[in-house]
Amino acid sequence: MSSVDFTWLIGGPQGSGVESGANIFSRVCAEMGYQIFGKREFYSNIKGEHSYFTVRIADKKIHSNVNAVDLMACFDAETIFRHYDEVVSGGGIIYDSDIAETKTDGVHTLDAPFKERLHKELESKNKPFTVAGVLEIAKEKGVLLYPVSFKSILLTLSEETENPRLKGLIRMYNVIGVSLSLGLVKMPPDSLQKTINNIFSKKPEIAKINQQTATYSYNYATAKFENFAHTLLGTQKEPGTLLVQGFQGTALGKMASGCRFQPYYPITPASDESVFLESNEILEIIGDRPGSTAVIQTEDEICAMGMTIGGALTGTRSATCTSGPGFALMTEMLGWAGINEVPVVITAYQRSGPSTGLPTRHGQDDLLFSVFAGHGDFPKIVYASGEIEESFYDTGNCFNYADIFQVPVIHMMDKFHASSVITCKRFDTEKISIDRGLLLDTVEDGYRRFEFTEDGVSPRSRLGMDNGIFWNTGDESDETGHITEDPIIRVKMMDKRMSRLDLILKRIPNEEQAVSYGIEDYTIISWGSTIGPVKDAIDMLKKEGISIGLLQLKLMHPFPSEYVSSLLKDAKTIIDVEANHSGQLGKLFKQNIGRDIDYFILKYTGRAMTSTEVYDALKKIVENKAEKREVLMHGA
Amino acid sequence: MALKPAEFKTDVHNDWCPGCGDFGIVNAIQMALADMGAPRDKTAIFSGIGCSGKTSHYINTYGVHTLHGRVLTFAQGAKIANPEMTVVAVGGDGDGLGIGAGHFVAAGRRNVNMTYIIFDNGVYGLTKGQASPTLKLGEKTKSLPSPNTNSNVNPIGLAIASGFTFVARGYSYDVRHLKDLIVQAVNHKGLSFLDVLQPCPTYNDLNTRDWYAGADLMDEAQKRHSRIYKLEDTGFEPTVHYDSEIEINEKLSQALIKSLEWGNKIPTGVFYKNENTTPYTARLQDKIPNYLENPPAKQNISKNGHSNTDISKILDSLEV
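Residue numbers (the numbering used here), protein chains in the order written: chain A, 1 to 636; chain B, 1 to 320.
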């Protein structure tokens, strides 16, 4: 059996059901045993701007998207204009034939710089500035075109089912696109029906209309479409496979780790996590009454952080979730949590900065900001998850680190994570250990919250505990927590707190600090969601006999300098791959290890890297044709 | 066993200026806690930044000295996570109505069952006397280079407009009356606000102790006419008894009108009280039926060092 590696793209105006169409498609493919890597791209807009979803389907584990699109389903002109050139020879475009004559000028959401580039291309190929024009280019490249009048599908269906409402129901276009696609690749139809039933299980009327539309469109494609070489017939399903969206990893991780309090302020792409937590606020507890997560929407991120700290002072595992602009507002409080040794977790879903930047687009822009966040010297942990599956278990670790070391923990995630949909192994809650460090259950008289101890960590009381009275202050304090300006105590307190950084490096197991996937002459250092495309690119090169090493950094602060140095001692060329302008990990690496980065592969278009473009850049490096900074540009 | 006010004192040296109005407030808080028989380890004082921020260090309960303008955020978080606690937040007028004004308004909307006391002296004392949000337009306290260019905020009016369900004003040199107000505020079911007029002897040379006492208003018989009077002495009825819109609007309006009184007659006492508005904890209880009995701080989250949370139903729904 030949291996399957197939990419499907659906696009349309925001609010037209692109996302739900992609969810149906992904779920059907996952039900049929395939591995999925899907990614959503969208504007900062509610309705009308272009959004699209790319779903890669394979019969082996995949970690990223690729450049090549094998099949595109579009019901609007903009999707065709923006993506026709991504469809490869032998691939197909299913499109609404009623829009073939639409001109570029007729699509108001096409922005001027894009239109200018497109017109130049069309002019050079002597094509009209219409959908038909770009489709001709695709056809000449060897792309198969499947025109269908979406309107007449609805019309015929409406007559056949005697449902006059149906004929104007353009909301069904997404289901038509999905079903035509599945018919074209000969996906067994049962799973489509099952998925639609599942999704609309609470609305039988809507389920019925969708069923009818899906069946009709599916049959239409199998009867009328020809010559498409790709088929998706299904494969052996791995038992215990989840289809998850990025933000669910940390949300489920928080539930399992005992996070019971999450104040937050709405911000893209972080708030989905909080909304998911609140939607599942009542928790089943083994052998106990139900538990719950109090999810509080606050007036701003400052309040979110203040409440989180207030919650943590009561002994509750407390977290917040935000993105760059919100995290910027929290930093004064981060220092307060630092000086008062309060365990809090801040889940930071990064996006492209600076300022509002590209608010719905990807970026790993906040690494250095997080490492250096807050005024003054205080200990904290910055921890980065690579893939979504890791983020579940890492969330558990972050809460343990916070409790054991009594420091704020910044858990770095990003927009690529948040809006990816992937298949992975079912999360195993049994692997979530809970270590609350020196949190006390009872206190003797004479308790001092910040008592000097051998390892610098003091037993921790909580608000409301008998005999456990303590004072906190953002000022320097003595062991009881009262303000002091005594120079000797100042030094002792500063040393006590800052010694935590060494303790962190000593106590966190090496394999949780950095993960080596093999060290070669050429070795990549990378972090966060970029690990996915890097892994796939390395696999592609391996097939050509080129071995590239990879070291994934997870503990970003304190930086595991000795461990990383020792791992990389045999690597001759270090390549830093990350999604920001300045190569922030590279800077951190240089600062801590004193070693120069030989090559940077960077992307800051706001779109996540594909494995194809990482592969291309790596190939240039090994062939000695690369610039020191390779900047990646793929993606609409 | 009820404690005496002295038992709510710490031995931390108090470094407020001699004659500072803050002393009266901290004494009143200690007296109120003793009066109510508050258990020390179920009580937490949260404070902001500035002279008033030091209050939490002088009171022998849990004490959390937070950040400028942010005291309400920490305090609400702690109260929501552990609703068993008696939470009192304190801070200056610059803290609560300047840098922290957004939190002040949002807290009113939430109505968390706790108390907020503002030490209202018209100046930023610890930074050497700049104009604070309650100083009137055109007034010039002694360390201002020129008269104040901002209008003042009306703390009582803002609290009423924001949704605080208990709004009162005290005077720091009338400690007994202030103590009574604090007791009422803490016992109130919902978010209570107390604006405490507190002369700053070092930087506010306009609203001094003598000024409040009406030293400049002596009549021919050399009789003082204190500016401060008590609403309760005038038969003012601040409480909403029935959950009716008409009564609520009437009580809100009269409170707002009273809040505008200033100059030669300054009202103290309770301006508004309404226990019909559900406190935030009750709102949470509506969505999480066992919230009060098993709040975040009381939940057991592990068994033998492992997670005891069963997320299998959610995972089932995600499984393909």
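Among the hints, erroneous ones may be present.
[What the hints assert, rightly or not] Going by beta-carbon spacing under 7 Å, a handful of chain B positions derived as facing chain A:
id	residue
1	His13
2	Tyr62
3	Gly98
4	Ile99
5	Ala101
6	Val183
7	Glu319
[Claimed, not checked] To be clear about the criterion: a stretch of chain A counts as covered by chain B if any three or more of its residues have a C-beta under 8 Å from a C-beta of chain B, and this derived list gives those stretches:
id	segment
8	118-124
9	238-245
10	292-303
11	429-438
12	475-486
Since the hints were made in silico from the structure, they are not lab data. Cβ atoms here follow ideal geometry from the backbone N, Cα and C, with glycine treated the same way.
Here is what the structure says about each hint:
Hint status for His13 (chain B) relative to chain A: violated, with the closest Cβ pair at about 10 Å, above 7 Å. For Tyr62 (chain B), the interface hint holds, the least distance from its beta-carbon to any beta-carbon of chain A being 5 Å, beneath 7 Å. With a cut of 7 Å, the hint placing Gly98 (chain B) at the interface with chain A is violated, because the nearest CB-to-CB distance is about 14 Å. Nearest Cβ of chain A to the Cβ of Ile99 (chain B): about 10 Å, over the 7 Å cut. The hint is violated.
For Ala101 (chain B), the suggested interface contact is broken, since its CB lies about 11 Å from the closest CB of chain A, more than 7 Å. The restraint placing Val183 (chain B) at the interface with chain A is violated, with a minimum CB-CB distance near 21 Å, outside the 7 Å limit. For Glu319 (chain B), the interface hint holds, since its Cβ comes within 7 Å of a Cβ in chain A; the closest pair sits about 6 Å apart. Counting residues of the segment 118-124 of chain A whose beta carbon lies closer than 8 Å to any beta carbon of chain B gives 0, which falls below the threshold of three, so the coverage claim is violated.
Coverage of a stretch by a chain is defined here by at least three residues with a beta carbon nearer than 8 Å to that chain's beta carbons; for the segment 238-245 of chain A and chain B the count is 5, and the condition holds. With 9 residues carrying a beta carbon less than 8 Å from a beta carbon of chain B, the segment 292-303 of chain A meets the three-residue requirement, and the given coverage holds. Under a criterion of three residues with beta carbons nearer than 8 Å to beta carbons of chain B, the stated coverage of the segment 429-438 of chain A is upheld, 7 such residues being counted. Using a Cβ-Cβ cut-off of 8 Å, 4 residues of the segment 475-486 of chain A lie near chain B, which meets the minimum of three, so the contact claim holds.
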